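**Student:** Using the sequences provided together with the hints, build the complete structure.
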Amino acid sequence: MKSLNASQYAPVYLLCGDEPYYIDQVSDWIENNVLDESAKAFDLTVVYGRDLQGADIAPAIGAARGFAMFGGQKVVIVKEAQTVKKWDSLALYLDNPQPSTLLVICYKYGTPDKRSSWWKKADKAGVVMVSEKLREYKVEEWIRSYLAERVKVENIIIDPKVPKLLADYLGADLSAIVSAIDKLLIGRQQGQNNIDAALVERNIGISKDYNVFELQDALIKGDVVKANRITQYFADSKDHPMVKELGILYNFFANLMLYHYLPDKSDRAAAPALGINPYFVKDYAAAAKRFTASKTFKIIGYFRETDARLKGIDNPSTKEDGLWKELIYKILH
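In the working numbering, the protein residues as written are 58 to 390.
Mixed in with the good hints there might be a few duds.
Heads up, simulated EDC-like pairs for lysine to aspartate or glutamate below, C-alpha to C-alpha not over 16 Å straight-line [said to hold, decoys possible]:
#: 1; residue 1: Lys218; residue 2: Glu258
#: 2; residue 1: Lys339; residue 2: Asp321
#: 3; residue 1: Lys190; residue 2: Asp81
#: 4; residue 1: Lys376; residue 2: Asp293
#: 5; residue 1: Lys346; residue 2: Asp293
#: 6; residue 1: Lys218; residue 2: Asp145
#: 7; residue 1: Lys301; residue 2: Asp230
#: 8; residue 1: Lys165; residue 2: Asp85
#: 9; residue 1: Lys382; residue 2: Glu302
#: 10; residue 1: Lys301; residue 2: Asp216
#: 11; residue 1: Lys177; residue 2: Asp145
#: 12; residue 1: Lys376; residue 2: Asp364
#: 13; residue 1: Lys322; residue 2: Asp340
#: 14; residue 1: Lys165; residue 2: Glu137
#: 15; residue 1: Lys165; residue 2: Asp274
#: 16; residue 1: Lys190; residue 2: Asp75
#: 17; residue 1: Lys382; residue 2: Asp293
#: 18; residue 1: Lys346; residue 2: Asp280
#: 19; residue 1: Lys195; residue 2: Asp274
#: 20; residue 1: Lys387; residue 2: Asp364
#: 21; residue 1: Lys190; residue 2: Asp230
#: 22; residue 1: Lys339; residue 2: Asp324
#: 23; residue 1: Lys265; residue 2: Asp216
#: 24; residue 1: Lys97; residue 2: Asp85
#: 25; residue 1: Lys295; residue 2: Asp378
#: 26; residue 1: Lys382; residue 2: Asp280
#: 27; residue 1: Lys368; residue 2: Asp378
#: 28; residue 1: Lys283; residue 2: Asp152
#: 29; residue 1: Lys178; residue 2: Asp152
#: 30; residue 1: Lys387; residue 2: Asp280
#: 31; residue 1: Lys283; residue 2: Asp371
#: 32; residue 1: Lys301; residue 2: Glu193
#: 33; residue 1: Lys177; residue 2: Asp152
#: 34; residue 1: Lys143; residue 2: Asp180
#: 35; residue 1: Lys218; residue 2: Asp340
Per label pair, the in silico range of CB-to-CB distance [stated by the list, open to error]:
#: 36; residue 1: Gly128; residue 2: Gly332; range: 52 to 62 Å
#: 37; residue 1: Gly369; residue 2: Asp230; range: 20 to 30 Å
#: 38; residue 1: Asp378; residue 2: Lys278; range: 20 to 30 Å
#: 39; residue 1: Ser174; residue 2: Glu198; range: 36 to 46 Å
#: 40; residue 1: Ser174; residue 2: Asp371; range: 46 to 56 Å
Note that these hints are calculated values from the structure, not bench results. Only a predicted model underlies this, so the values are computations on that prediction, with no experimental measurement involved. We put the beta carbon where it would ideally sit given N, CA and C, even for glycine.
**Tutor:** Dropping the structure here:
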């Protein structure tokens, strides 16, 4: 993106990988910014892999070989290139790409066969970007960083709970996360200078009262009624599959076990050791007072047992609400 913004263009861009967000970011920038509006009518070609006859990339390569109408740049973008089957013409093109053309190939949800001749040539001919899926444990930090970047020119306060709520609810789908953040920023009332859980509930539909963050808080405080109320809400909702919520809670207690044995439990030392925002160290400190190391060890076992039963092992009939009740009882007693 630095090179593109500096108008340092390559003749070929192969954008591939499991995370489509970055592929779209680069290809959309090229589509919208390389040519001015008058030139787009003549020198911008966008094709979709599914529409190419015989799943052959040849028509796109034919367009790439042509010259711009007015002697400037030409842009050819192949979207959904993962549906293309015939790549022979690309392999030939990469030997001598048209220098005035930007050929952009968007290959989503995977990478091409790295044994193919054209893959081996692509890096020498231009730019190859492999967009990897963000790991679940990095999502919260990604959201925090992205939010901070979006509001850095405004005096906006971000509740530390918000990145966690979005990460727990949306997972690692960066496009969905960015769309949700857009809704948050647009949905603020005039003069509102904070982004909090209430704003998330109002604009995205993630309940500020019925979420795994609040369930975790109920367990730390030993609030049986609140914990059971939240888990019953989970069991009745399609948006809170038990396997997902179990995974988030399991990670908390796994981190709690680490916290018990940290030589330095200060916010400054504990936060990087646990890979969390310093704001949340207080939750581990409170949980450590309620759950000893030996109890935490047992709780981790309860999670593994519940996960197995959820998958049908030694569980002929108990449904999610029953499994939740049993798990909450074991954790708090």
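**Student:** Taking the hints in turn, state whether each one holds.
**Tutor:** Hint by hint, here is what the structure shows:
Between Lys218 and Glu258 the alpha-carbon distance is near 12 Å, which keeps this suggested pair within the 16 Å criterion. Restraint check for Lys339 and Asp321: the C-alpha separation of about 14 Å stays at or below 16 Å, so the hint holds. Restraint check for Lys190 and Asp81: the C-alpha separation of about 14 Å stays at or below 16 Å, so the hint holds. Simply put, Lys376 and Asp293 have alpha-carbon atoms about 11 Å apart, close enough for the 16 Å limit, and the pair holds.
A distance of roughly 32 Å separates the Cα atoms of Lys346 and Asp293; the hinted pair therefore is violated under the 16 Å criterion. Between Lys218 and Asp145 the alpha-carbon distance is near 51 Å, which puts this suggested pair outside the 16 Å criterion. Our distance criterion of 16 Å between C-alpha atoms is met by Lys301 and Asp230, whose separation comes to about 14 Å. With a C-alpha separation of about 14 Å, the suggested pair Lys165 and Asp85 falls inside the 16 Å cut-off, and the hint holds.
Of the pairs offered as hints, the one joining Lys382 and Glu302 holds, with about 14 Å between alpha carbons and a cut-off of 16 Å not exceeded. About 23 Å separates the Cα atoms of Lys301 and Asp216, which puts this hinted pair outside 16 Å; it is violated. Between Lys177 and Asp145, the direct Cα distance comes to roughly 13 Å. Compliance with the 16 Å bound is thereby established for this hinted pair. Among the hinted pairs, Lys376 with Asp364 is consistent with the structure: their alpha-carbon atoms are about 12 Å apart, no more than 16 Å.
The hinted pair formed by Lys322 and Asp340 meets the criterion: a straight-line CA distance of about 12 Å does not exceed 16 Å. Note on Lys165 and Glu137: the hinted pairing holds, with a Cα-Cα distance of about 7 Å set against a maximum of 16 Å. Of the pairs offered as hints, the one joining Lys165 and Asp274 is violated, with about 39 Å between alpha carbons and a cut-off of 16 Å exceeded. With a C-alpha separation of about 5 Å, the suggested pair Lys190 and Asp75 falls inside the 16 Å cut-off, and the hint holds.
In summary, the hint linking Lys382 to Asp293 is supported, as the alpha carbons are separated by about 13 Å, within the 16 Å threshold. Our distance criterion of 16 Å between C-alpha atoms is met by Lys346 and Asp280, whose separation comes to about 15 Å. Proximity of Lys195 to Asp274 is assessed by CA-CA distance (about 22 Å); at most 16 Å being required, the pair is judged violated. The straight-line distance between the Cα atoms of Lys387 and Asp364 is roughly 14 Å, inside the 16 Å bound, and the hint therefore holds.
Taken as a hint, the Lys190 and Asp230 pair is honoured in the structure, with Cα atoms around 9 Å apart against an allowance of 16 Å. Under the criterion of a C-alpha separation no larger than 16 Å, the hint pairing Lys339 with Asp324 is consistent with the structure, at around 8 Å. For the given pair, Lys265 sits about 12 Å from Asp216 by alpha-carbon distance, which is consistent with the 16 Å threshold. Distance check on the hinted pair: Lys97 and Asp85 sit about 13 Å apart at the alpha-carbon level, within 16 Å; holds.
Between Lys295 and Asp378 the alpha-carbon distance is near 13 Å, which keeps this suggested pair within the 16 Å criterion. At most 16 Å may separate the alpha-carbon atoms for a hinted pair to count; Lys382 and Asp280 meet this at roughly 13 Å. Annotation: proposed proximity of Lys368 to Asp378 holds, straight-line Cα distance about 14 Å (limit 16 Å). A threshold of 16 Å between alpha carbons decides the hint, and for Lys283 with Asp152 the separation of about 65 Å lies outside it, so the pair is violated.
Restraint check for Lys178 and Asp152: the C-alpha separation of about 7 Å stays at or below 16 Å, so the hint holds. A distance of roughly 13 Å separates the Cα atoms of Lys387 and Asp280; the hinted pair therefore holds under the 16 Å criterion. About 28 Å separates the Cα atoms of Lys283 and Asp371, which puts this hinted pair outside 16 Å; it is violated. Our distance criterion of 16 Å between C-alpha atoms is met by Lys301 and Glu193, whose separation comes to about 11 Å.
Restraint check for Lys177 and Asp152: the C-alpha separation of about 11 Å stays at or below 16 Å, so the hint holds. Between Lys143 and Asp180, the direct Cα distance comes to roughly 19 Å. Violation of the 16 Å bound is thereby established for this hinted pair. Restraint check for Lys218 and Asp340: satisfied, since their Cα atoms lie roughly 12 Å apart, inside the 16 Å limit. Look at Gly128 against Gly332: about 53 Å separates their beta carbons, and that is inside 52 to 62 Å.
Evaluation of the 20 to 30 Å hint for Gly369 and Asp230 yields a pass: the beta carbon distance comes to about 28 Å. A hinted range of 20 to 30 Å for the beta carbons of Asp378 and Lys278 is consistent with their spacing of about 22 Å. The supplied range of 36 to 46 Å is met by Ser174 and Glu198, whose beta-carbon atoms lie about 39 Å from each other. Our hint of 46 to 56 Å for Ser174 and Asp371 holds, since their Cβ atoms are close to 53 Å apart.
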